[in-house]
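Starting from the given sequences, assemble the full structure and let the hints guide the process.
2 protein chains.
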Amino acid sequence: MNSPIRRPAFFVSDRTGITSENMGDALLEQFNGLKFKRATYPFVDTPDKARALVQIINRTAEEHEVRPLVFSSIVNDEIRTIVKTSAGLHLSFFDAFLGQLEDELGMRARHSVVSRAQNTERYDARMEAVNFALNHDDGVSDKNLEEADVILMGVSRSGKTPTCLYLALQYGIRAANYPLTPEDLDSTDLPRMVKNHKHKLFGLTIEAERLHDIRQERRPDSRYAALATCRSEVADAQAMFRRHNLPFTNTTHKSVEELAVSIIQACHLKRRF
Amino acid sequence: MNSPIRRPAFFVSDRTGITSENMGDALLEQFNGLKFKRATYPFVDTPDKARALVQIINRTAEEHEVRPLVFSSIVNDEIRTIVKTSAGLHLSFFDAFLGQLEDELGMRARHSVVSRAQNTERYDARMEAVNFALNHDDGVSDKNLEEADVILMGVSRSGKTPTCLYLALQYGIRAANYPLTPEDLDSTDLPRMVKNHKHKLFGLTIEAERLHDIRQERRPDSRYAALATCRSEVADAQAMFRRHNLPFTNTTHKSVEELAVSIIQACHLKRRF
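In order, the protein sequence lines correspond to chains D and C. Note that full-length UniProt numbering has the first sequence beginning at 1, numbered continuously upward. Note that full-length UniProt numbering has the second sequence beginning at 1, numbered continuously upward.
Errors might be hidden in some of the hints.
Note that the list lumps identical chains together, so a pair holds whenever it fits in one copy or between two copies.
Unchecked claim - Dumping the calculated PhoX-like pairs for lysine-lysine here, alpha-carbon to alpha-carbon at most 20 Å: (1) K270 - K35; (2) K200 - K35; (3) K35 - K198; (4) K84 - K49; (5) K35 - K195; (6) K49 - K35; (7) K37 - K270; (8) K270 - K84; (9) K143 - K195; (10) K198 - K270; (11) K200 - K143; (12) K49 - K200; (13) K200 - K270; (14) K143 - K198; (15) K143 - K49; (16) K84 - K198; (17) K143 - K37.
Note that these hints are calculated values from the structure, not bench results.
And the structure:
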């Protein structure tokens, strides 16, 4: 039997490489059990950098005695052509789709990196959303909750903060969050601070065992982290969501991306850029 | 002359749709001046949802009298086949690349959505990085700066916080930030709090005019926002970066993604998931 080869995978772009990484990850996770040796090369935006990269790919191919995978989102034709001279298998995003789109739209594409220079609008929307999330993290303030697009509610450590920040950074959505305290959970009413914003509330719940693990990391062997506490808080929170007919989701097996997109869908939120 | 058609563009996925949006955005921005009517359909993961979507695409095609663009990252063959019966132009990510990769790797891909269920490791790395960024935002604490992967330094409103949060969420990188105060800028020394971590420092600078605009939004007509203040703070900050040989970049024309990737590259940072 051959020992398994850890195939080299290059993610290459004349911009950040985020598109080529996304694309490559989505493809590679389709191959069960294979491991890859990853390397990202962003900002390959001159012929010299492209030629240097070709040498790296070729050297890697020789050392590993296997053809490296090259996930490329290089839009500049000259640079892409140089990179394609390497010994790797080229999965080139723009080669696959740009020609088709040009035919359909009846115009020639730019074939060059689009400057984001004028994009202060997007930057400002993002900044404001991030500041909003930071100023409305963990129920610290009910100021300007009218300006919230959504308010995430859940017990401590159920995943509210990263989800709010992701909504802000990725979509410019203003997401506040409110942590349910033991007092809140004892009441049959909604917490005072968020009561008038019921239509914006979205609940996060989590499996008690997972919550216990997370809280143990923070405060080992505390009452806060005890499995019994986690079980009762989670049960009370879910009862509250049901009693008041709030949309909610279980965060246990979801990534932050999946949570964000589920919330956008359930609450009909609009991205701000 | 025809009035310009705002072509409908669908972003479709059996997961979050983030890959199809990335891919579609990168392609569409290559067509100068064209506007598109965007709609994202995530979690199209049953044949029924796929058939409902086909009807929506077909109705849109009739209403607009033009073929909609459909950027698809649907991995399930049955669902993808249904969506492809619609009247749109299908730019299907998995169709373009999965077969090529199967041939190269000599194995059949899963052709089904990969559950992220076991991915608590990734979630934990992310949570920790987000908590780290929040606990080390705006120089509030020098506790555990040894655990920082990088420390962003710059004048107030130069873009530190969103960049730190993006590094945390996207790469699990622990990024602290330190705001340069007028006192810091008067000194020829590095600020006391970060002095012992010089090898982790990365400077952010910004054009004075842009900084002025941002600060005006926050505190209109203050000394803090005055163009003269912005000019002198920016000049002093850049002088400090140069004097101490710190790597730095100008944030004015860069997106948060570009900043994050530039910093990773300059500081040789490693993603934690």
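For the identical chains here, do K35 and K198 meet the 20 Å Cα criterion within one copy, between copies, both, or neither?
neither (47 Å within a copy, 36 Å between copies)
Using 20 Å as the alpha carbon limit, work out where K143 and K37 are close: within a copy, between copies, both or neither.
Neither: 48 Å inside a chain and 35 Å across chains, both beyond 20 Å.
Same-copy or cross-copy closeness of K49 to K200 [CA-CA at most 20 Å]:
Neither. Shortest intra-copy (49 Å) and inter-copy (26 Å) distances fail the 20 Å Cα cut-off.
Evaluate K198 and K270 at a C-alpha cut-off of 20 Å and name the case that applies: within, between, both or neither.
Close inside one copy (18 Å), not across copies (42 Å); limit 20 Å.
When Cα atoms must be at most 20 Å apart, do K200 and K143 count as within-copy, between-copy, both, or neither?
Classified as within; 15 Å inside a copy, 36 Å across copies.
Intra- versus inter-copy proximity for K195 and K35 (alpha-carbon distance at most 20 Å):
neither (50 Å within a copy, 40 Å between copies)
From the Cα coordinates, with 20 Å as the cut-off, is the pair K200 and K35 best called within, between, both, or neither?
So K200 and K35 fail the 20 Å test inside a copy (43 Å) and across (31 Å) alike.
Have a look at K143 and K198 and pick one of within, between, both or neither, based on CA distance no larger than 20 Å.
within (16 Å within a copy, 39 Å between copies)
K84 and K198: within-copy, between-copy, both or neither at 20 Å Cα:
neither (55 Å within a copy, 40 Å between copies)
Within a copy, between copies, both or neither: where do K37 and K270 come within 20 Å Cα-Cα?
Close across copies (13 Å), not inside one copy (38 Å); limit 20 Å.
How would you classify K270 and K35 at a CA-CA limit of 20 Å: within, between, both, or neither?
between (38 Å within a copy, 18 Å between copies)
Within a copy, between copies, both or neither: which one fits K200 and K270 at a CA-CA cutoff of 20 Å?
within (13 Å within a copy, 38 Å between copies)
Of the numbered hints stated above, those contradicted by the structure are hints 2, 3, 5, 6, 8, 12, 15, 16, 17, listed in ascending order.
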